[in-house]
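There are 4 protein chains.
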Amino acid sequence: MGHVIREGDDVLLFLDRRRTYLVRVERRAFHTHKGVVQLGELVGREYGTRIRSSAGVEFVALKPNVRDHLFKMARGTQIIYPKDLGLIMIYTGVGPGSRVVEAGTGTGALTSVLAYYVKPSGRVYSYEVRPEFVEIASKNLERAGVLEYVELKNKDITEGIDESGVDAVILDLATPWLVVPHAYSALKGSGSFASFSPTIDQVVKTVKALREHGFVYIETVECLLRGIRAEEGRTRPETLMTGHTGYITFARKGLRT
Amino acid sequence: MGHVIREGDDVLLFLDRRRTYLVRVERRAFHTHKGVVQLGELVGREYGTRIRSSAGVEFVALKPNVRDHLFKMARGTQIIYPKDLGLIMIYTGVGPGSRVVEAGTGTGALTSVLAYYVKPSGRVYSYEVRPEFVEIASKNLERAGVLEYVELKNKDITEGIDESGVDAVILDLATPWLVVPHAYSALKGSGSFASFSPTIDQVVKTVKALREHGFVYIETVECLLRGIRAEEGRTRPETLMTGHTGYITFARKGLRT
Amino acid sequence: MGHVIREGDDVLLFLDRRRTYLVRVERRAFHTHKGVVQLGELVGREYGTRIRSSAGVEFVALKPNVRDHLFKMARGTQIIYPKDLGLIMIYTGVGPGSRVVEAGTGTGALTSVLAYYVKPSGRVYSYEVRPEFVEIASKNLERAGVLEYVELKNKDITEGIDESGVDAVILDLATPWLVVPHAYSALKGSGSFASFSPTIDQVVKTVKALREHGFVYIETVECLLRGIRAEEGRTRPETLMTGHTGYITFARKGLRT
Amino acid sequence: MGHVIREGDDVLLFLDRRRTYLVRVERRAFHTHKGVVQLGELVGREYGTRIRSSAGVEFVALKPNVRDHLFKMARGTQIIYPKDLGLIMIYTGVGPGSRVVEAGTGTGALTSVLAYYVKPSGRVYSYEVRPEFVEIASKNLERAGVLEYVELKNKDITEGIDESGVDAVILDLATPWLVVPHAYSALKGSGSFASFSPTIDQVVKTVKALREHGFVYIETVECLLRGIRAEEGRTRPETLMTGHTGYITFARKGLRT
Numbered sequence: 000m001g002h003v004i005r006e007g008d009d010v011l012l013f014l015d016r017r018r019t020y021l022v023r024v025e026r027r028a029f030h031t032h033k034g035v036v037q038l039g040e041l042v043g044r045e046y047g048t049r050i051r052s053s054a055g056v057e058f059v060a061l062k063p064n065v066r067d068h069l070f071k072m073a074r075g076t077q078i079i080y081p082k083d084l085g086l087i088m089i090y091t092g093v094g095p096g097s098r099v100v101e102a103g104t105g106t107g108a109l110t111s112v113l114a115y116y117v118k119p120s121g122r123v124y125s126y127e128v129r130p131e132f133v134e135i136a137s138k139n140l141e142r143a144g145v146l147e148y149v150e151l152k153n154k155d156i157t158e159g160i161d162e163s164g165v166d167a168v169i170l171d172l173a174t175p176w177l178v179v180p181h182a183y184s185a186l187k188g189s190g191s192f193a194s195f196s197p198t199i200d201q202v203v204k205t206v207k208a209l210r211e212h213g214f215v216y217i218e219t220v221e222c223l224l225r226g227i228r229a230e231e232g233r234t235r236p237e238t239l240m241t242g243h244t245g246y247i248t249f250a251r252k253g254l255r256t
Numbered sequence: 000m001g002h003v004i005r006e007g008d009d010v011l012l013f014l015d016r017r018r019t020y021l022v023r024v025e026r027r028a029f030h031t032h033k034g035v036v037q038l039g040e041l042v043g044r045e046y047g048t049r050i051r052s053s054a055g056v057e058f059v060a061l062k063p064n065v066r067d068h069l070f071k072m073a074r075g076t077q078i079i080y081p082k083d084l085g086l087i088m089i090y091t092g093v094g095p096g097s098r099v100v101e102a103g104t105g106t107g108a109l110t111s112v113l114a115y116y117v118k119p120s121g122r123v124y125s126y127e128v129r130p131e132f133v134e135i136a137s138k139n140l141e142r143a144g145v146l147e148y149v150e151l152k153n154k155d156i157t158e159g160i161d162e163s164g165v166d167a168v169i170l171d172l173a174t175p176w177l178v179v180p181h182a183y184s185a186l187k188g189s190g191s192f193a194s195f196s197p198t199i200d201q202v203v204k205t206v207k208a209l210r211e212h213g214f215v216y217i218e219t220v221e222c223l224l225r226g227i228r229a230e231e232g233r234t235r236p237e238t239l240m241t242g243h244t245g246y247i248t249f250a251r252k253g254l255r256t
Numbered sequence: 000m001g002h003v004i005r006e007g008d009d010v011l012l013f014l015d016r017r018r019t020y021l022v023r024v025e026r027r028a029f030h031t032h033k034g035v036v037q038l039g040e041l042v043g044r045e046y047g048t049r050i051r052s053s054a055g056v057e058f059v060a061l062k063p064n065v066r067d068h069l070f071k072m073a074r075g076t077q078i079i080y081p082k083d084l085g086l087i088m089i090y091t092g093v094g095p096g097s098r099v100v101e102a103g104t105g106t107g108a109l110t111s112v113l114a115y116y117v118k119p120s121g122r123v124y125s126y127e128v129r130p131e132f133v134e135i136a137s138k139n140l141e142r143a144g145v146l147e148y149v150e151l152k153n154k155d156i157t158e159g160i161d162e163s164g165v166d167a168v169i170l171d172l173a174t175p176w177l178v179v180p181h182a183y184s185a186l187k188g189s190g191s192f193a194s195f196s197p198t199i200d201q202v203v204k205t206v207k208a209l210r211e212h213g214f215v216y217i218e219t220v221e222c223l224l225r226g227i228r229a230e231e232g233r234t235r236p237e238t239l240m241t242g243h244t245g246y247i248t249f250a251r252k253g254l255r256t
Numbered sequence: 000m001g002h003v004i005r006e007g008d009d010v011l012l013f014l015d016r017r018r019t020y021l022v023r024v025e026r027r028a029f030h031t032h033k034g035v036v037q038l039g040e041l042v043g044r045e046y047g048t049r050i051r052s053s054a055g056v057e058f059v060a061l062k063p064n065v066r067d068h069l070f071k072m073a074r075g076t077q078i079i080y081p082k083d084l085g086l087i088m089i090y091t092g093v094g095p096g097s098r099v100v101e102a103g104t105g106t107g108a109l110t111s112v113l114a115y116y117v118k119p120s121g122r123v124y125s126y127e128v129r130p131e132f133v134e135i136a137s138k139n140l141e142r143a144g145v146l147e148y149v150e151l152k153n154k155d156i157t158e159g160i161d162e163s164g165v166d167a168v169i170l171d172l173a174t175p176w177l178v179v180p181h182a183y184s185a186l187k188g189s190g191s192f193a194s195f196s197p198t199i200d201q202v203v204k205t206v207k208a209l210r211e212h213g214f215v216y217i218e219t220v221e222c223l224l225r226g227i228r229a230e231e232g233r234t235r236p237e238t239l240m241t242g243h244t245g246y247i248t249f250a251r252k253g254l255r256t
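Residue numbers (numbering that gives the first Met the number 0), protein chains in the order written: chain U, 0 to 256; chain L, 0 to 256; chain R, 0 to 256; chain X, 0 to 256.
It cannot be assumed that every hint is accurate.
It does not matter which identical chain is meant; a pair holds if it fits inside one copy or across any two.
Each computed SDA-like pair below joins lysine to any residue, with the alpha-carbon atoms no more than 25 Å apart [to be verified]:
| hint | residue 1 | residue 2 |
| --- | --- | --- |
| 1 | K207 | V22 |
| 2 | K187 | H32 |
| 3 | K154 | R26 |
| 4 | K71 | G232 |
| 5 | K71 | L151 |
| 6 | K138 | R228 |
| 7 | K152 | A54 |
| 8 | K207 | T174 |
| 9 | K207 | E134 |
| 10 | K207 | H243 |
| 11 | K187 | D9 |
| 12 | K207 | R255 |
Quick caveat, the hints were computed from the structure, so don't treat them as lab data.
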């Protein structure tokens, strides 16, 4: 009751850790390398239910959470990893009720996570200069069920931020240092700044701009995630690992004297 | 207006990254190694304001966020680090409205973060077997402003969980594997399990129990955070680094067939 | 004079960091994806010379060093990485003149490095239980020019070590803990033990055995290597990284009282 | 016989992994926090022997190896760590018989390791611009027993290298990029270059200079070492870890066409 799968819901079909599929439940067949799954059979069953494909392979129908939506939103584009997003959430304190400015929107991956955490009373103002991405993001955010908490703006954030008194400004774009003065104006006193950048050159420029514009508590970190294979008698870390996604720079707005 | 410091508020006095002080604003003097700060002077000023100590050293009065409260809650006890908490939030999908079972409460550090993110409509059921910690946690949660979203329970979670149909069970205790069967019963289908453990032995036992009890999507990770000193001409990672806090094991509840 | 390429020499044809070829210089054509290289043209030229393929692509003919030989010795089998070997050399102090017992030989990768460093007056006693590998190793060691410093033994080292008074015992096999008592007998007082193992379970058993058999200065480490792309304006660590090769356990022989 | 401690020898008194003492064996008392050790008692006993202090605490008298000498040579100055040295040895192929140019000498730590591995027929040409360090290094190298393989030069290597046709040039100084052209001239074709630098800015400049001067196979790495506490039932990585020592850049000399 309440926690059953309905037609039109998204489910995450789980085969194993590397093979999960985000699918819409409709009266249709879903083809996988492990046989056909009749999605219609899921209707009315509880989330977490197991279903067999035509090849007799078991899938589990999970309710997609914020991370699952995030992964499926990537589709070939570079997105901020969950590990980095978790850090951004905790370090900036973005949470229920927060008003957050974000750029660039891209496919909406970062946006979706921010929107998920600021709901129900908060709001995400998301800037994107490329119109085609605004459209893609809009669809992705709707699918993730968080579009109503987001204001998508087809604007170049390096030219200015419309909002003021916001709790946080969070950036994932090529030239974050150009946004630093606008972020300062938009933030309320003590508000949080975060910027994700793949290269150290971007970090150096951004930190310099932050120092010059009255930001305090400036810190840059990188976060490395390593998988562990835990099995009695042969426990060891995973052989392959992502060695780098990006650096994250944090700061807080101190008022000028 | 609205964002001003009032008597009785907590502020985070920021000197530099390693020296921050969480203090209650009252008409009193606060003594630091860098002189005396007259806290009363902060009343009525905006958050982010700068204030000079008697020694002429500048402090910034920041509004403490979820991470700042967390650090100050540690006070000599081992707490889960923000980096690990961020990961737990994103991977489990705990967010506004979630109902979460948590153990052990300890000083309330993990509890405070969960409570911050499930508000306003969610709830954290926090188990702690040692009565003295329930009291400490209660005070800390009140100070962090999230006590109303938490139900503190002076109970041994290895003997059972009272709640059912919860969204997530999150553990930070010595014997998580003993809680696995109770977690399974308490979770709704597809719900999330997370456990933080310092030793690999705890991980191996927990993963084994998860496999035996019908959990799926089991994965263990460790998260390494490295600070970067970004300064033109002499950018380099920090020399010292925390090499280990703990492993985090995640899983989802699959229904038994 | 002296440093010229001669017929029959091995050269490392370098195209870029990921594409290097260890080839014997003969009057023949060497086919690559970037055209044909006439190896005979290299005869009489200095090491480090550049040569163009039929497709006009430039290769550099480097003199293969110990690491280059090592990589080419792998050929699909798991070998100890250079980073781990470097650590083993320095921590054990194996160097010119050392007498070293080693197992298992495998394709001779570890053996070749040990032999390279103990020459000219030292010696490596290398144990291998599988006869087919003894043969492969023999060929590889001859090609690397260090066979004369090695005694290849087709024996099971878990049943005993023939040598005594050796400077170091270095292991890369599945059950190092079974070799610990033999290593103790074979080593001279204060001699060095090192063992490379992929799983933590192997480490725990080996460390336990070392403690029980009078070894001191026992320590286990893991070594992570990360590549950096250094280029003005876009410097960043490499995206992919090997997250785990193995743990290395070191110890020294303390005499029993 | 042969492997006994003699008066005048250096021994490494081992108490535990964090407390080791490099002492000269003489007929005198050595004072530690764990009581007095009568060093004279060691004379004539075998290396690895255990000796009790006046407080009844056991020490083990180990024969110092190349790494032990290295650590004791540090004495408050920054030295290249063994992990980085191991990598440098293997990647450059410096070994018995190699002729190596090195700078700056400093206290002789890196020099001592290079000298240890090039002996007996190789040679290290070590440049140091500060005369006081040449003297310190001389004493340290003598104590480590490798002075005869080293030529200490009180010269500024950024102004030129006297030697030619060397196998490797290895740098640990503030401005390695200024040495790159001299290194190119000094190296024989295909010879190895290695440079250790704490900051990324040094790396970027050095890599740029290497590219401009005809070097090939240029790569930069960083090496992270993590200690593991292996004990049944409570195995875990060490809490504290060195997060950064420096970057190492490697290259090979390709001839100009």
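Hints versus structure:
no., hint, result
1, K207 / V22, "neither (45 Å within a copy, 30 Å between copies)"
2, K187 / H32, "neither (52 Å within a copy, 29 Å between copies)"
3, K154 / R26, "neither (40 Å within a copy, 46 Å between copies)"
4, K71 / G232, "neither (34 Å within a copy, 31 Å between copies)"
5, K71 / L151, "within (20 Å within a copy, 37 Å between copies)"
6, K138 / R228, "neither (36 Å within a copy, 36 Å between copies)"
7, K152 / A54, "neither (47 Å within a copy, 47 Å between copies)"
8, K207 / T174, "both (13 Å within a copy, 24 Å between copies)"
9, K207 / E134, "neither (34 Å within a copy, 42 Å between copies)"
10, K207 / H243, "both (23 Å within a copy, 22 Å between copies)"
11, K187 / D9, "between (38 Å within a copy, 17 Å between copies)"
12, K207 / R255, "within (17 Å within a copy, 40 Å between copies)"
In the structure shown, a violation is registered for the earlier hints numbered 1, 2, 3, 4, 6, 7 and 9, in ascending order.
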